[in-house]
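**Student:** Sequence:
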Amino acid sequence: MPEENKGVSIIVSTNKEGFLENIFSNFENQNWETKELIIILNKDSLILEDWVNKAEQTEHVTVYQLPQSVSLGECLNFGVNRAKYEYIAKFDDDDYYGPFYLTEAMNIFNKKNADVVGKRTYYMYNSLTKELRLRFPRREHRFISKVHGGTIMAKKEVVSKVRFANISLGEDVNFLYRCRQQGFKIYSTSRYNYTYIRRGDGTHTWKPKLQYLKATSVRIRTTNDFKAHVNKYYDTD
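Using the numbering used here, the first residue of the sequence shown is number 1, and each one after it goes up by one.
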């Protein structure tokens with residue numbers, strides 16, 4: 001099958017209010033044509049009907065709701081079980097995925113024979129201070145031990161064998177660790193086409209100290225248009 005015809009199932013589990021538009025926008029913006037979006041609502045107060053109504057306006061989107069007592073890892077496994085394509089992409093609800101995000105990753109799967117693809121070097125944007133930073137510089141374009149959790153893409157056969165753990169914090173790190181144990185190869189792509197967004201409002205699932213985020217990154221610039229610096233078609237040899 002030609003690589004450009006292979007499909008990607010994007011899975012998003014969310015327990016936050018206010019990110020419906022961001023989730024749909026990240027999906028609709030992808031240039032990769034063969035794709036589907038599987039949304040799992042993981043909070044009882046989220047109104048399923050609102051999401052279903054939005055999904056009906058967009059092709060290839062399905063929405064489910066699981067009790068908030070169900071862990072994030074189990075929500076992701078639930079989505080994998082319903083995925084129809086041979087590649088799985090884990091998207092976070094509150095980050096930015098540029099138009100070439102899937103395209104770049106799928107090129108890597110094809111050229112590097114990787115089992116898991118993601119980003120270890122990636123942009124981080126503070127929406128309050130407008131500061132754009134680059135986390136973990138010089139870890140692009142190589143096989144590596146782990147990638148950022150919001151950028152995990154894997155062959156479905158990998159995720160079917162290495163399930164996400166029944167936990168709600170660190171399920172991504174645990175998954176990558178067990179992938180390495182099983183001998184699966186993890187590849188870090190370029191810094192482009194993804195941005196980890198920090199809002200400073202306390203709603204992030206992962207709450208590292210600001211000092212840690214700064215210590216593991218370098219300042220790029222202050223900008224009102226971070227996407228102009230992040231979006232780039234990037235191919236690899």
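A few of these clues could be false.
To be verified - With a straight-line cut-off of 35 Å between C-alpha atoms, the simulated DSBU-like cross-links for lysine-lysine are:
#1 Lys43 to Lys111
#2 Lys112 to Lys232
#3 Lys161 to Lys130
#4 Lys209 to Lys84
#5 Lys227 to Lys43
#6 Lys214 to Lys84
#7 Lys112 to Lys43
#8 Lys156 to Lys185
#9 Lys227 to Lys156
#10 Lys155 to Lys112
#11 Lys130 to Lys43
#12 Lys227 to Lys16
#13 Lys156 to Lys111
#14 Lys209 to Lys43
#15 Lys209 to Lys155
#16 Lys155 to Lys111
#17 Lys35 to Lys156
#18 Lys112 to Lys214
#19 Lys112 to Lys161
#20 Lys161 to Lys54
#21 Lys156 to Lys209
#22 Lys6 to Lys209
#23 Lys146 to Lys35
#24 Lys84 to Lys130
The hints are simulated quantities; they were obtained by calculation from the structure and are not laboratory data.
This one's a predicted model, so the numbers in the text were calculated from it and none came from an experiment.
**Student:** Kindly indicate which numbered hints from before are broken by the structure, ordering the numbers from low to high.
**Tutor:** Per hint list: 1, 3, 4, 6, 7, 22 and 24 violated.
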